[in-house]
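Chains as they are written, first to last, in our numbering: chain A, 513 to 635; chain B, 11 to 193.
Please keep in mind that the hints were generated in silico from the structure rather than gathered at the bench.
From a predicted model like this one, the values you see are computed outputs, not experimental measurements.
Take the hints with a grain of salt, since some may be wrong.
Stated by the list, open to error - For each label pair, taking beta carbons as the anchor points, the in silico distance ranges come out as:
| no. | chain 1 | residue 1 | chain 2 | residue 2 | range |
| --- | --- | --- | --- | --- | --- |
| 1 | A | R544 | B | F73 | 32 to 38 Å |
| 2 | B | F73 | A | L620 | 52 to 58 Å |
| 3 | A | S613 | B | R96 | 44 to 50 Å |
| 4 | B | L92 | A | C562 | 47 to 53 Å |
| 5 | A | L557 | B | D117 | 31 to 37 Å |
| 6 | B | N137 | A | L619 | 49 to 55 Å |
| 7 | A | N627 | B | S15 | 31 to 37 Å |
| 8 | A | Q599 | B | Q93 | 27 to 33 Å |
Just so you know, even glycine gets a beta-carbon here, dropped at the ideal spot from N, CA and C.
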Amino acid sequence: MNDDTDFEQLDALLARPATPADRGFSERVVLRAGKSQRTRRYLFLAMGLCWFVLMFVAASPQAIYADLMTLAQSLETISLRNTVSDQIEFATSAARQLPYSTATLLLLALAALGNLAKMAIRA
Amino acid sequence: MTTESLLILRAVARRDDEAFSALVRMHQAKIRAYLLRLCRDPDLADDMAQETFLTAFRKLQSFKGTGNFSGWLFSIAHNSFLQHLRKSKRRTEVTEQYGRQQEFHADYYEDISEEQIDLEQALQQLNPDETSTITLCHSFGFSHQEASDILDMPLGSVKSNISRGKTKLKQLLATSKDLEEAS
């Protein structure tokens, strides 16, 4: 048997791939697709509901002001301010002790500021 | 307009479950057969095929309708396989598996002849690039250019993978025939 015949036989065999049996596969996929579609729909409805609630809250600015005041009072602003000043003091005293140029010190100060911002966000 | 195009339109425009179901039934066998040839595990192949169809359902609106729907599905399926390889972080292990004989699941198929079993087993000895190019072009009738687009592989590589893979297949099938005759 020559090479060409072999390849022809192989091509013929490859052209008839075995077919997997469905065994409920299609149904499972359609069910899952329907489920995910329903979940998305519920999520969308929930988001819409949240939006409505927000609209109601926004419709009454006085209520929002009162809420913000309560929130501001609940935040420990004094401890935050102390932490910030401690950080600045630490950064400047450390900078004075180091034999670095002004540009390097500036970079160090920037890094310290970044650190402060991070702490403020966390606080 | 073909039945498939109508079904796609219905599934996109009306989010019609029945149209989507018909599209799944129309393409599931090819997608599952393709993925099984690549991953060699029927359960995993089914999981990936399911993911393929769900992704297609979600992204149906992005299908331009100008190209080949089947090709679009195969490209999603292939990406799902590649994603699996990346996720499992066992790419080297999986690649090492190629060339080793795996357990063959004949019951996964509707109807399979002895010759087809030999072919599927021989295909297990090829690497994923050879298997995917040969399957797309020789089993599912895509052109080399279409396979290149589906696999995101240069046209030259598609052709060389097919040629190398077919030579290997021919040798493997001849060996298995010799073994059968000897026994």
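> When you take the CB atoms of S613/A and R96/B, is the distance between them in 44 to 50 Å?
Replying inline: 46 Å, holds
> Should the hint that N627/A and S15/B are 31 to 37 Å apart at their CB atoms be regarded as holding?
Replying inline: The hinted range 31 to 37 Å is violated for N627/A and S15/B, with Cβ atoms some 60 Å apart.
> Can the suggested window of 49 to 55 Å be confirmed for the beta-carbon pair N137/B and L619/A?
Replying inline: 51 Å, holds
> So the hint says 31 to 37 Å: do the beta-carbon atoms of L557/A and D117/B match that?
Replying inline: At 44 Å between Cβs, range violated.
>> Looking only at beta-carbon atoms, does the pair L92/B, C562/A fall within the given range of 47 to 53 Å?
In response: 38 Å, violated
>> The hint says 32 to 38 Å between R544/A and F73/B; measuring C-beta to C-beta, is that right?
In response: With a Cβ separation near 19 Å, R544/A and F73/B fall outside 32 to 38 Å, so the hint is violated.
> Okay, F73/B versus L620/A on CB: inside 52 to 58 Å?
Replying inline: 55 Å, holds
> Do the beta carbons of Q599/A and Q93/B sit within 27 to 33 Å of each other?
Replying inline: 45 Å, violated
Of the hints listed earlier, those the structure fails to meet are numbers 1, 4, 5, 7, 8, in rising order.
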